[in-house]
Every structure is written in C-alpha cells, then in structure tokens.
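Asker: Model the placement of chain L on the given structure of chain B, informed by the hints.
Chain residues, written in single-letter form:
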Amino acid sequence: MVLLNLFRSILSISRSTFFTVLLTGTSVLNADVLSYFNPSYSQAKIYTSSFNTVIANDPVSLESFFNDWQGDFHPHSGANLALESSRFDLGVVLEDNYYIGYTYRHDVFIEASSDLTRLMYLTKNKLDLPLNEKFDIFLDIEGLEAQGIVFGKKFIFTPTKWGEWSFSLIGSLLYASNTQNGILSGDAKSISKNDYDFQADSYYYYTHNYLYDLDVQKVNGFGFSTHITVDYKYKDFSITLIANDILGKIYWDSLPYSYISMNSENKYYDENGYVHYNPTIHGIEKTKDYTQRLPIKLHFEGRYKVKEKYLLSMGFESMNNYIFPFSKFTYIPEKNKSYFISHEYRFDSTTIGMNYKNIDISLSADKIIDPSIVGVHLLASFHF
Amino acid sequence: MKKKILSSGLIMAALLVMNGCGGGGSSSTSSTGTPLTQDQQIELAQTTLGELRTQTISIVDYNDSGTPGYLDNEALNLGNALESCSLNTEYTAQLLGNMTSYLFDMIENNNVHQVNDYTENGADWHEDVNCTIETRTCTYDITKDGVSTYTGSVVLPNYSADTNISTLTTLYAEFHGDVPTLDESGNLDGSQVFDLNLTITKTDTGADIEFTNISLAENSTLVGISAMSVSTVFDIVDDSIDFKNAKLNSVTFNGQCSNYTVIGTLRTTDYVQNAALLEGENENWLPSKLSFEGSLTNTTTDGRISGLVNVELKNATTITKDGESEVDVSVNGTLAIPARPEMNLGLTYSNAVATEATYHNFTASYSYDAFTINTVGVMDKEGDNGEITITANNGIEFKIIIVGGDIVEGNADNETGSIVTYNGTLIATLEYREELVIVKYLDGSFESLP
Numbered sequence: 001m002v003l004l005n006l007f008r009s010i011l012s013i014s015r016s017t018f019f020t021v022l023l024t025g026t027s028v029l030n031a032d033v034l035s036y037f038n039p040s041y042s043q044a045k046i047y048t049s050s051f052n053t054v055i056a057n058d059p060v061s062l063e064s065f066f067n068d069w070q071g072d073f074h075p076h077s078g079a080n081l082a083l084e085s086s087r088f089d090l091g092v093v094l095e096d097n098y099y100i101g102y103t104y105r106h107d108v109f110i111e112a113s114s115d116l117t118r119l120m121y122l123t124k125n126k127l128d129l130p131l132n133e134k135f136d137i138f139l140d141i142e143g144l145e146a147q148g149i150v151f152g153k154k155f156i157f158t159p160t161k162w163g164e165w166s167f168s169l170i171g172s173l174l175y176a177s178n179t180q181n182g183i184l185s186g187d188a189k190s191i192s193k194n195d196y197d198f199q200a201d202s203y204y205y206y207t208h209n210y211l212y213d214l215d216v217q218k219v220n221g222f223g224f225s226t227h228i229t230v231d232y233k234y235k236d237f238s239i240t241l242i243a244n245d246i247l248g249k250i251y252w253d254s255l256p257y258s259y260i261s262m263n264s265e266n267k268y269y270d271e272n273g274y275v276h277y278n279p280t281i282h283g284i285e286k287t288k289d290y291t292q293r294l295p296i297k298l299h300f301e302g303r304y305k306v307k308e309k310y311l312l313s314m315g316f317e318s319m320n321n322y323i324f325p326f327s328k329f330t331y332i333p334e335k336n337k338s339y340f341i342s343h344e345y346r347f348d349s350t351t352i353g354m355n356y357k358n359i360d361i362s363l364s365a366d367k368i369i370d371p372s373i374v375g376v377h378l379l380a381s382f383h384f
Numbered sequence: 001m002k003k004k005i006l007s008s009g010l011i012m013a014a015l016l017v018m019n020g021c022g023g024g025g026s027s028s029t030s031s032t033g034t035p036l037t038q039d040q041q042i043e044l045a046q047t048t049l050g051e052l053r054t055q056t057i058s059i060v061d062y063n064d065s066g067t068p069g070y071l072d073n074e075a076l077n078l079g080n081a082l083e084s085c086s087l088n089t090e091y092t093a094q095l096l097g098n099m100t101s102y103l104f105d106m107i108e109n110n111n112v113h114q115v116n117d118y119t120e121n122g123a124d125w126h127e128d129v130n131c132t133i134e135t136r137t138c139t140y141d142i143t144k145d146g147v148s149t150y151t152g153s154v155v156l157p158n159y160s161a162d163t164n165i166s167t168l169t170t171l172y173a174e175f176h177g178d179v180p181t182l183d184e185s186g187n188l189d190g191s192q193v194f195d196l197n198l199t200i201t202k203t204d205t206g207a208d209i210e211f212t213n214i215s216l217a218e219n220s221t222l223v224g225i226s227a228m229s230v231s232t233v234f235d236i237v238d239d240s241i242d243f244k245n246a247k248l249n250s251v252t253f254n255g256q257c258s259n260y261t262v263i264g265t266l267r268t269t270d271y272v273q274n275a276a277l278l279e280g281e282n283e284n285w286l287p288s289k290l291s292f293e294g295s296l297t298n299t300t301t302d303g304r305i306s307g308l309v310n311v312e313l314k315n316a317t318t319i320t321k322d323g324e325s326e327v328d329v330s331v332n333g334t335l336a337i338p339a340r341p342e343m344n345l346g347l348t349y350s351n352a353v354a355t356e357a358t359y360h361n362f363t364a365s366y367s368y369d370a371f372t373i374n375t376v377g378v379m380d381k382e383g384d385n386g387e388i389t390i391t392a393n394n395g396i397e398f399k400i401i402i403v404g405g406d407i408v409e410g411n412a413d414n415e416t417g418s419i420v421t422y423n424g425t426l427i428a429t430l431e432y433r434e435e436l437v438i439v440k441y442l443d444g445s446f447e448s449l450p
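As you go down the protein sequences, you meet chains B and L in turn.
According to this note's numbering, the first sequence is numbered sequentially starting from 1.
According to this note's numbering, the second sequence is numbered sequentially starting from 1.
Same shape as in the complex, but just chain B (with noise of 0.2 Å):
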C-alpha cells in the first residue's frame, strides 16, 4: 500500500493547483490541449491579456481522478497522461512590435505505465487482482510554477510573391516557486487477489515533497526561456508555428532531492548463503543545486481559406515527444468576428469558440459529462 500511496500522491498533485491556477492563470490562443506564449500583435499600442488552462487525464475522468479512481476506467493502450498546461500573460504590444510583459505559469506533466495505471485502478477499487501478473511500473513526472517578465519583437517582413512573414523571438525571466521533477520506476507482482510485491526506485526533484510527508525548507530558482512564433501566408494557405520554452532552464540552489528505493520482496543470499534482508525502504534526502531544463512545446497549424468565410485548419500539438493532432473548421461570417470549432484526438476533446473584435473566448472537453480533459481559453486586447 505504501507504493500506492506514493502514486496517489504524486498525480494528485494537480489537484491542489488546479484551483489555484483557474483563478490566477492564463495563456493565450485557442489552444487545445497546451497553453503557449503568442500574445495578439494585431495593432501596436494595446493591452493584451490572455488566459489559458487545461487539465487532462487518461485513465479515469476527471472527477474519478479526484475521488481515489472511483469510476469508469478506460487507459490510453500506451503510456498514459495526465496533464495541467495553464498561464496567465498581461502585456503590452508597443510600437514596432515590441512587447513587454508579465507571466505566470503552472505546467504538470505526468506519463505513467499503462500497467501501473491498472494496478492503481484495481487496488484503489478493491477489485481482485488477476494471479501471478507482473506490472510494470513507471511513473515521470514534470511540473513548474513560475512567473516573470517577457519581452519579445515580432519582426514583419515586405511581402514578395512568395508570400508574407513574420518572425517573433520571445524571452523571459522567470522566477519559479515550485517545481516537481522525477521519475519513479521498477515492477509489481500480483500474489493473490488483493496483495502485490513490488520494488520500485525513485529520483525526485521537488519544492513540496508529494511523494510521503515531508517538510522542507522553501526555496526559489531563478531562470530564462524563449520563445519562437513563425507565421507565413501564401494566397489563401497559412502556416503557423509556435515553439515555446526553447532553451528553457532554470536553476534551483539547494532543491530538496529524494532518491528512494522501495522493496516488498527484500531478501538475499550472500556468497556464504547467508540470507540477508533490505530495508523496505531507503534512499537518501538530501538538498542539491539543480538545472531544470523547461520541456519544448510546439503548436503548428496549417490553413485553408475555403471561399471567403471559411477556413480548414489541420495541425498538431507536441510536448515530450506526445503529439496531439487537431483539425478545425472556423466561420467569419464578418471581420472582427468568427466562430471555430475543434477536435483533437488524442485526448478527443472538442473545443468550440468564438472571435469578436479583441475578445477571444474557447471551451474544450471530451464530454459535457464526467469529462477526462477541460479546457478554458481567454484572450483580450484593448487600446490605449
């Protein structure tokens, strides 16, 4: 049971951030499963804000996943994901393209085995656990919450009859207050019905030790990343493309550090024959100096202009080696106004969402019941 709880501890994680982050948070566009830098440049001199959060889940919905997997269980056949992607900007988009902001963001990103989300399901469940089956454990984590300023030009090229550019370069300053990173890994073996042995270890990285309750001392880690955005328009096809967090780092001094080695079956015979036995636990704790690379996130999109009022977008998502392809139909009826609709389909959330004047709104879900993945998405602009 202890490892369970471990586990436990660690995806619900985004639980008590969650809340936090649907008041504070924010992104920007409409975006369907990760939030990205890419504040509107439409006009020079205005105020821009955007928000965006979304929270996903593989195996159990949403509400089950709060509630100790009570519930429908239906696992991605691969490794599964549960996600929180969410930041907040608020800047200023001066002339020539320039800009300069605050950010706050809150990512986790978690990928564990498909056999471990098994396990977890039938235990926390109490269903019998089929005899004599080995599960693979394997459990990543990845989490940030920081904030900072952003600065950035976007840099608009002449048009030639190869079409229009334009190139933004983005960097920030960040400074993080909480971070979770490690990796937890090894296998169970079902010995009856409601009993497992496994051995697991873990490497963990944290600002709040998720995995058993442990105090530590609070501290802060300071650091940068860029940000790129490309967009290119030929006739009636455009391309964009967003890749954030390019050579992102940040440096933590004297982050808590846990390497933990977990054992159900620890006995051993020496060259004497002599039987020896490991703790179930052991490990270390300890405070290191700490380089958190910042995952890349890249968002792509291709377009079509259909007539004049319709466009036919098709693109995909990417973080630590996931793609989350989408396709989207968007209607303008009139400028300054349009409607889209979205799927994607790897969590197969839709979103809808709508475009009046310099207000951008957007609603994602895989289902308006028990849903697995929510998504809510702002953006706003005002002259000044």
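Simulated from the structure, these hints should not be mistaken for laboratory data.
Built from N, CA and C at the ideal position, the CB exists for glycine as well.
Keep in mind that the hints are not guaranteed to be accurate.
Unchecked claim - In silico BS3-like cross-links for lysine-lysine, where the CA-CA straight-line distance does not exceed 25 Å:
1. B:LYS307 x B:LYS328
2. B:LYS286 x L:LYS440
3. B:LYS154 x B:LYS233
4. B:LYS335 x B:LYS305
5. B:LYS218 x B:LYS153
6. B:LYS218 x B:LYS124
7. B:LYS218 x B:LYS286
8. L:LYS440 x B:LYS218
9. L:LYS289 x L:LYS247
10. L:LYS399 x B:LYS286
11. L:LYS440 x B:LYS288
12. B:LYS235 x B:LYS305
Said to hold, decoys possible - A short, non-exhaustive set of chain L residues, derived as facing chain B with CB atoms under 10 Å:
13. SER58
14. LEU436
15. PHE446
Said to hold, decoys possible - Distance windows between CB atoms, simulated:
16. L:ASP406 x B:PHE300: 42 to 48 Å
17. L:ASP413 x B:TYR203: 27 to 33 Å
18. L:ASN414 x B:HIS76: 48 to 54 Å
19. B:GLU63 x L:VAL376: 50 to 56 Å
20. B:GLU63 x L:GLY404: 34 to 40 Å
21. L:ASP406 x B:LEU241: 57 to 63 Å
Answerer: Just chain L now, kept in the frame of chain B:
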C-alpha cells in the same frame, strides 16, 4: 494504527531478536587505529541496523510482509507435523492407569493381580498368558479376529508368594510389547509398541511414582514423554486409596514426529499453596517455579532451538483467578537458523516489581561471532509508553522512545527523542515517513527499520 503496529513490532524485535551486527567487535576506531569519521560511523550504524533487520526478519515475520521468518515457518511446520503424528493412546493410557492402580492395590492391600487385569478392554487374551507371583515374567498374546496379533511381556513385582506385600516399600513392574489401538467403536484396530518401567516407592504420606523408559511408537512417530516423576500424598480408607495431592516433579521429553525431534526435561522445583486460586483442588498446591532445558530440532534443515528456560510465578501464593500474574522469565540458549550463524540468546522479562509506568521490564542479549547486542526495555502496562535501548559492542546505540504507541521522532538539534549514537555522538534520528519509521542519518541517507 499502523504506527502502533510498528512500535509493537519494534518491541517484539527487541525482545526476540537481539541481533548480531556486522562490522567487528568493539570498534571505536578504524582498523588503522584512527577515530572513525562521521561517514564511517554512519556506515557502521547502517551495517549494524542491516544485521538487526536481517536477524529480526529471519526469526519472525516482522512486518507481516508475506516473508515468513524462521519461527513462523517452524511453528507452522511443527503444527502440521504434530497433526499428522497424533497417536491414539486410549488403550495404552488405560493400560498405564491400570498398572499403576493395581500396584498400589498390591502394596497397600496385599491384593494380587494377574496380567489380564492390566487390560480389561475388548481384547481376547490367550488363556495361558496369565502371570502369577510364581511366574513373575510372562508373555502375552492378544488375538484379533482369531489371529495372534499383539504379543509382549509383563514383569510383575518381585516378591514371593509368602511375602507380606504390605511390608514392601518399593514395587517394580515392566511392560514390553505390542498393544492394540482402538477404532471409534472400541474395536481392535492398529498396533503400537509400548515399553514402560514403573517404580513405586512408599513414603510416610503416600508414594513417589517413577515412570522410566517410556516408549510408545507407531510407524515413525515416537511419543515424546520418556520419563515422568510424580510425588503423591494419599490416605488408605477402607482399603481404598484416597489421593490428597500430586506434585509433578519432572517430565522428560524425547520424541520424534516427522522431521522434528524434541529432547528436554521440564522440572517443577517449588510448590506453594494458594487456596484462593485452587479452592481446595490438589490441596491448594500450585507449582511456582518451572524450568525447561532441552532442544527442538528440525532434522531436515538442522534448525535448532535449545536452551534453559526458567519461569517463576512471583505472586503464586497470593494470585487470584482474576488477578494478574507477576512473573520472572529468563531464557538462555542458542538458536540455529539455517543460513545464519548460530546465535547465543539471553532474554529476561519481569513484571514482578512493576508500577503502572514500568510494568514490562525486559532485557535481551544476543551474540554471534564477535558481536554482542544488549537490549534494555521498560514499557508501561498497556505497552504504549516506554523506552528501549539497543546497544551494540561496536559503539552503536539505538534509543527508542515510545509515547502513545508512537515512536517519538528524534531531534538532531538538541539530541532528544529517538536517536542513534556512536559512542555518545549523534549520527541519526528516528523519524516517520508516512507510516514507516525510518532511521535518518546525518548525511541525508535513510532506511526503514523493517
């Protein structure tokens, strides 16, 4: 709740284990004679704790993790063995009782009994097997379904026909041979081999009874009681024996059951009278001191438990039926566990001079090779509060304080609570990680107790 289980387990470990420890004997310095560095001290403590853990889990299933310990296994296997080795002793017990009472009858009442008096069950005794005083030693032959099946010999007391039996002070008899077992209907069934020497010595108040060379075997099973001594006090009333009391002096075990052999002697060395407890039974005589010296050996694995156990009921004269016993217990012996070095084990337990707060007092010493660990513990009556100190002869000492069933976490700053020291220098604290107790060393490393 789990914490209480853990702390109880810790006490159990301290009581039952008392460990050896890796590293070498007393070692306040390194092999080069220089004082140990903190890293070396921690390494020594980790090795010591590892050995403690190994010894604990080797002996008992410490944390109920599904990994059985030696005693768990042996208790289970011995139970299974005894279940398969049970003997039907109905016939032999009757035989033994008859022999004893008829000898008493002879010595007190001058009544002569013949062999077939020794048995009175449904066996068809052959007509010519009766023994008389003139023919002291005779054979018997018991038929089953008309076939001679059970044969043996009986030796009657040694006296002549003109002896006044009542003048004798000692009577001696023997029984050797096959005896039947009985089925559920009382009919002859299987066969056992029974041997017994019986000596009755008259005393001023009664008689001492000595059973020696007892052997009852069936197939590969040998009944474990080979000798027994009982002192009795009785009166003769109208030619009948009126027993007043009986005191068991000793019982010698020498049995074989499946792959287990038990050898040893249980002695009762002191009796006291307690009318409140026995209410006249056995004239209120109650054993107050017991000892057992012997061994239990698993002949398959060569695992062996041997030693001397002394138990004294300190309040034997005053304890009532609802009262609490005050005992002193000591164990000195060896424990040979397969794949482990043979361990010398010493345990004491006492609650005889207890207060509520210091009700359970125990010590334990354990050693093998060059290592010795001593444990001293004091716990309150409920076992929820107390202190246990485990000291190794390599300088490592674990001090464990328990309050309310939980281990008090150590404080490295003021060295209070549950701590680990090396020759008095703090090197670790005991802390909780969720429900697990861990030893947290000053260098940041940690390990759980079980």
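Asker: Each hint: holds or not?
Answerer: Verification of the supplied hints:
Simply put, LYS307 of chain B and LYS328 of chain B have alpha-carbon atoms about 16 Å apart, close enough for the 25 Å limit, and the pair holds. A hinted pair counts as satisfied when its Cα atoms are at most 25 Å apart, and LYS286 of chain B with LYS440 of chain L qualifies at roughly 11 Å. Of the supplied pair hints, the one linking LYS154 of chain B and LYS233 of chain B holds, its CA atoms being roughly 15 Å apart against a limit of 25 Å. About 15 Å separates the Cα atoms of LYS335 of chain B and LYS305 of chain B, which keeps this hinted pair within 25 Å; it holds.
Of the pairs offered as hints, the one joining LYS218 of chain B and LYS153 of chain B is violated, with about 35 Å between alpha carbons and a cut-off of 25 Å exceeded. The straight-line distance between the Cα atoms of LYS218 of chain B and LYS124 of chain B is roughly 32 Å, outside the 25 Å bound, and the hint therefore fails. Restraint check: the Cα-Cα separation between LYS218 of chain B and LYS286 of chain B comes to about 13 Å, which is no more than 25 Å; the hinted pair holds. Our distance criterion of 25 Å between C-alpha atoms is met by LYS440 of chain L and LYS218 of chain B, whose separation comes to about 20 Å.
For a cut-off of 25 Å, the pair hint linking LYS289 of chain L to LYS247 of chain L stands: about 12 Å separates their Cα positions. Pair hint LYS399 of chain L plus LYS286 of chain B holds up; C-alpha atoms about 24 Å apart against a cutoff of 25 Å. Using a Cα cut-off of 25 Å, the hinted pair LYS440 of chain L and LYS288 of chain B holds, with the two alpha carbons roughly 17 Å apart. The straight-line distance between the Cα atoms of LYS235 of chain B and LYS305 of chain B is roughly 9 Å, inside the 25 Å bound, and the hint therefore holds.
Taking 10 Å as the C-beta cut-off, the interface hint given for SER58 of chain L holds, the closest approach to chain B being about 6 Å. Proximity of LEU436 of chain L to chain B holds as hinted, the smallest CB-CB distance being about 6 Å (cut-off 10 Å). With its C-beta approaching chain B no nearer than about 6 Å, PHE446 of chain L sits inside the 10 Å limit, and its interface hint holds. The hint said 42 to 48 Å for the Cβ distance between ASP406 of chain L and PHE300 of chain B, and at roughly 57 Å that hint is violated.
Between ASP413 of chain L and TYR203 of chain B the C-beta distance comes to about 29 Å, which sits within the given range of 27 to 33 Å. The hinted range of 48 to 54 Å is satisfied by ASN414 of chain L and HIS76 of chain B, whose Cβ atoms lie roughly 52 Å apart. Here the CB-CB span from GLU63 of chain B to VAL376 of chain L is close to 55 Å, well matched to the stated 50 to 56 Å. Checked against the hint of 34 to 40 Å, the pair GLU63 of chain B and GLY404 of chain L passes, with Cβ atoms roughly 38 Å apart.
Between ASP406 of chain L and LEU241 of chain B the Cβ separation comes to about 58 Å, which falls inside the hinted range of 57 to 63 Å.
In summary, the numbered hints that this structure violates are 5, 6, 16.
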